[in-house]
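Here is how the chains run, residue by residue.
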Amino acid sequence: MELDALDRGGFLRLAGTLGAGLVFAVYLPGCGRSSTSSSSAPFAPNAWVRIAPDNTVTVVVNKSEMGQGVATGLPTIVADELDADPNLLKFEFAPADQQYIDPVYGAMITGGSTSVKDMWMPLRTAGATARAMLIAAAAQQWSLDPSACTAKNGVVYHSASNRTASYGSLTAIASGLKVPTNVPLKRPDQFTIIGQQHQRLDIPQKLNGTAEYGIDVRVPGMLYAAIARSPVFGGKVKSFDPKAAKAVAGVVDVVQVSNGVAVVAKNTWSAFQGKNALQIDWDDGPNANLTTEALFAEAEELARTHRGELVALSRGNTETAKGTVVEATYRGPFLAHTTMEPQNATADVREDRCEVWAPNQVQQRSQQEAVNVTGLPLEKCVVHTTLLGGGFGRRLESDYVREAVEVSKAVKAPVKVMWTREDDIQNEFYRPMSVNVVRGVLANGTLTSLSHQVVSQSWLKRWHPQWLKNGVDMLSMAEAVDAPYYVPNFKATFIDHEHGIPVGSWRAPDANWNGFVTESFIDELAHAAGKDPLTFRLALFEKTPRAAGVLRLAAEKAGWGKRQGAGIAQGLAVVFWGGSYAALVADVSMVNNMPKVHRVVAAVDCGTVINPRIVEQQAQSAVIYGLSAALTNKITLERGRVQQHNFYDYLSLRLADSPPIDVYVVPSKESPTGVGELCTPPIAPAVANAVFTLTGKRVRQLPFSDALRA
Amino acid sequence: MISITVNGIKRDVEVPGEMPLLWVVRDELNLTGSKFGCGVGECGCCTMHIDGVATRTCVLPVSAAAGKQIETIESLSSDNSHRVQKAWLAEQVPQCGYCQSGQIMVASALLKKNPNPSDSDIDQAMTNICRCGTYDRIRTAIHRAAQEA
Numbered sequence: 001m002e003l004d005a006l007d008r009g010g011f012l013r014l015a016g017t018l019g020a021g022l023v024f025a026v027y028l029p030g031c032g033r034s035s036t037s038s039s040s041a042p043f044a045p046n047a048w049v050r051i052a053p054d055n056t057v058t059v060v061v062n063k064s065e066m067g068q069g070v071a072t073g074l075p076t077i078v079a080d081e082l083d084a085d086p087n088l089l090k091f092e093f094a095p096a097d098q099q100y101i102d103p104v105y106g107a108m109i110t111g112g113s114t115s116v117k118d119m120w121m122p123l124r125t126a127g128a129t130a131r132a133m134l135i136a137a138a139a140q141q142w143s144l145d146p147s148a149c150t151a152k153n154g155v156v157y158h159s160a161s162n163r164t165a166s167y168g169s170l171t172a173i174a175s176g177l178k179v180p181t182n183v184p185l186k187r188p189d190q191f192t193i194i195g196q197q198h199q200r201l202d203i204p205q206k207l208n209g210t211a212e213y214g215i216d217v218r219v220p221g222m223l224y225a226a227i228a229r230s231p232v233f234g235g236k237v238k239s240f241d242p243k244a245a246k247a248v249a250g251v252v253d254v255v256q257v258s259n260g261v262a263v264v265a266k267n268t269w270s271a272f273q274g275k276n277a278l279q280i281d282w283d284d285g286p287n288a289n290l291t292t293e294a295l296f297a298e299a300e301e302l303a304r305t306h307r308g309e310l311v312a313l314s315r316g317n318t319e320t321a322k323g324t325v326v327e328a329t330y331r332g333p334f335l336a337h338t339t340m341e342p343q344n345a346t347a348d349v350r351e352d353r354c355e356v357w358a359p360n361q362v363q364q365r366s367q368q369e370a371v372n373v374t375g376l377p378l379e380k381c382v383v384h385t386t387l388l389g390g391g392f393g394r395r396l397e398s399d400y401v402r403e404a405v406e407v408s409k410a411v412k413a414p415v416k417v418m419w420t421r422e423d424d425i426q427n428e429f430y431r432p433m434s435v436n437v438v439r440g441v442l443a444n445g446t447l448t449s450l451s452h453q454v455v456s457q458s459w460l461k462r463w464h465p466q467w468l469k470n471g472v473d474m475l476s477m478a479e480a481v482d483a484p485y486y487v488p489n490f491k492a493t494f495i496d497h498e499h500g501i502p503v504g505s506w507r508a509p510d511a512n513w514n515g516f517v518t519e520s521f522i523d524e525l526a527h528a529a530g531k532d533p534l535t536f537r538l539a540l541f542e543k544t545p546r547a548a549g550v551l552r553l554a555a556e557k558a559g560w561g562k563r564q565g566a567g568i569a570q571g572l573a574v575v576f577w578g579g580s581y582a583a584l585v586a587d588v589s590m591v592n593n594m595p596k597v598h599r600v601v602a603a604v605d606c607g608t609v610i611n612p613r614i615v616e617q618q619a620q621s622a623v624i625y626g627l628s629a630a631l632t633n634k635i636t637l638e639r640g641r642v643q644q645h646n647f648y649d650y651l652s653l654r655l656a657d658s659p660p661i662d663v664y665v666v667p668s669k670e671s672p673t674g675v676g677e678l679c680t681p682p683i684a685p686a687v688a689n690a691v692f693t694l695t696g697k698r699v700r701q702l703p704f705s706d707a708l709r710a
Numbered sequence: 001m002i003s004i005t006v007n008g009i010k011r012d013v014e015v016p017g018e019m020p021l022l023w024v025v026r027d028e029l030n031l032t033g034s035k036f037g038c039g040v041g042e043c044g045c046c047t048m049h050i051d052g053v054a055t056r057t058c059v060l061p062v063s064a065a066a067g068k069q070i071e072t073i074e075s076l077s078s079d080n081s082h083r084v085q086k087a088w089l090a091e092q093v094p095q096c097g098y099c100q101s102g103q104i105m106v107a108s109a110l111l112k113k114n115p116n117p118s119d120s121d122i123d124q125a126m127t128n129i130c131r132c133g134t135y136d137r138i139r140t141a142i143h144r145a146a147q148e149a
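Top to bottom, those sequences are chains D and Z. In case it helps, our numbering puts the first sequence at residues 1 to 710. In case it helps, our numbering puts the second sequence at residues 1 to 149.
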């Protein structure tokens, strides 16, 4: 049944196209209009939508699909305003090009759970404009006034004369019309696909092996490379002997690149074997003796001395507030992303042109890497985005793109650089380690003062320094400065702990850690005040009714306050991220001194829902991702070397250990906001708060395996 | 020269016998549906059927697969008509999708051996990693596929 519908819809044709190899159709602006005389030309009134004579509607997606559903969500927005037939909807990824920038970021970036929020108005306008032109085209064909015609499901109607014209039949006439401005948009109650779409457009190709990820790219004459990188961050190659590597069957070359030595071979396995055989003498540099233990001591010293402390937000006076003082210090570890697809990129550097294929969240940065390495002008560097086997923020970096371009340039052939899982875990932009000192004052059981000091390394100052506010990285302060609680005396401060270990964006940066601190500490305060954690929180949500809404909903659905079965306790947590609110309630018991999560109830308020199924998927996904990290994961350093290697010592939750997650969405007519990361921050504190109820032990460091087995 | 039979077709490949089957299939035969995720047999992205048994091929030397029937995700069906693919579609299982070839291959081998697996059978068989956390839907989809038989 489903397959019939899909085949009619052309989804399988799309899967076939994507799977066939390197045929990435790229829409060149202007092409549509310049060939209006041809009846096979698509109607392309703007950069975002293309309607073909066969009635298919292709939406150009300027965001990377890493599982979050953006290749379905964005086309759905266009399709609704266009009144397209959702069964004839296709997507195509945009090339690196200024016309495809996110209007808020001012660049092509997929991050911060912003895709739907930022593209909502541009894509609605694109769809509505195309619809108006198709109606005008039909009206012209029928010598009628456009106001006499309507459109529905990919067809223009003139009901008085019972005439119809499919969108595909109108492409030639529509292409000759002037593009109107200020086309009215629908009222929310007129949406027919938004909120109703339950199918993802990218799924058929992901069931039969035809979906193309970065690792699957193949260019004629392509070679495969593996790179040996310094085992210590900041280390350099002193000298190397390529002999043993060159002796490996299949190895064709060994070349030095900016961050190590690349072994180039006829296949991936030979490149890996050659890399293992390399003899390299490294200069370990200044981080040769670094340990995470020493870094935590350093961070705690900074917290005590307040050296370099900057105020992110302050109101009232946290120093003079009188009452019972509760104070605590929390420690968060470095974390790796472990995207399911290890990092990789393919580059083909020629004399006059460079082409890159990459699973990447920042197309223009990838393009800039190509420019920097080759010296070619921007327009000669073409970047194709494949599907991403996970992103989680790791692919906001473009280090692997630079590598591929460097190696291709050196060997004068197309090259795919492939990372092993060990490369991936040991050469990261980690979730920053952090020391947080929190202090609350309770007066007659009411929280009157709250201060939150964050000591962490800002990654934003490296990644996009223009976004710092008065020198403060507000992303490093997420959920410390903007948690939804209102406390009259409040202060949040930041100390940038520069330590030489690369850090970066990790699903819900850096709310994923600060949120753990805030939500655990609010729970500490509730217990200190002798109040129920639910009512204690609700009293602080006067100015954030949507936070109160999700918390009430989650508590009601989870049966908060009711007995949950022998040995099971509940913990709750709330989060504000990406413009959205969520609350989680976790049902937890203790097994072998570790928390076992039996069920999670999530309540989400993300404004208008584009695709209810994807919202549910993302809430579940974010919970599993956060729980995986919180239970056992940490990256540690000894002698400057990362101690973790692969999935055997950096664990990932598996099916048998994954709790059912029930997701409830608050109905809303607000503009849509983010869901991809929202539920990662609150899961660890929800579990930790249940652990406190069960054991009386307050978890102030993660992972749980360190906190509870120490 | 090593002879292997992949999806019913006999292929001769000029590779060292210790090269893992995964890389032979991906790089030499250009069947890229099976994925590389860890290289140590932990994650299961590379799962194929070897004589009907779900096997992690990133640690299986190609020489060990010679003379056996090797089936990859591409053998299930190209039009998603296999009951496991249909169940995966109905339950909208994949997110990033990178691990799903492996998940589908383990599930289809499980259902051949055990036409009506219990939750605990699924727990034991489905040990592949999914970083998107699609596990709940994988479980539901396996039950759905079992009903279709």
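Everything labelled a hint here was simulated from the structure, so no lab data went into it. On a predicted model such as this, the values are computed, not experimentally measured, just so you know. Incorrect hints may have been included.
Okay, derived cross-link-like pairs now, DSS-like style, lysine-lysine, Cα gap no bigger than 27 Å in a straight line [said to hold, decoys possible]: (1) D:531 with D:596; (2) Z:86 with D:90; (3) D:412 with D:543; (4) D:90 with D:238; (5) D:243 with D:412; (6) D:266 with Z:68; (7) Z:10 with Z:68; (8) Z:113 with D:266; (9) D:461 with D:236.
Do the hints match the structure? See the list:
Annotation: proposed proximity of residue 531 (chain D) to residue 596 (chain D) holds, straight-line Cα distance about 25 Å (limit 27 Å). Distance hint between residue 86 (chain Z) and residue 90 (chain D) is fulfilled; the C-alpha atoms sit about 20 Å from each other, no more than 27 Å. Proposed proximity of residue 412 (chain D) and residue 543 (chain D) is contradicted: the alpha carbons are some 61 Å apart, above 27 Å. For the suggested pair residue 90 (chain D) and residue 238 (chain D), the alpha carbons sit about 51 Å apart, so the restraint of at most 27 Å is broken.
With a C-alpha separation of about 21 Å, the suggested pair residue 243 (chain D) and residue 412 (chain D) falls inside the 27 Å cut-off, and the hint holds. The hinted pair formed by residue 266 (chain D) and residue 68 (chain Z) meets the criterion: a straight-line CA distance of about 26 Å does not exceed 27 Å. As the CA atoms of residue 10 (chain Z) and residue 68 (chain Z) are separated by approximately 10 Å, the hinted pair is consistent with the 27 Å bound. With a CA separation close to 39 Å, the supplied pair residue 113 (chain Z) and residue 266 (chain D) exceeds the 27 Å bound.
For the hint pairing residue 461 (chain D) with residue 236 (chain D), the CA-to-CA distance comes to about 24 Å; that is within 27 Å, so the pair holds.
Going through the hint list in order, the structure does not satisfy hints 3, 4 and 8.
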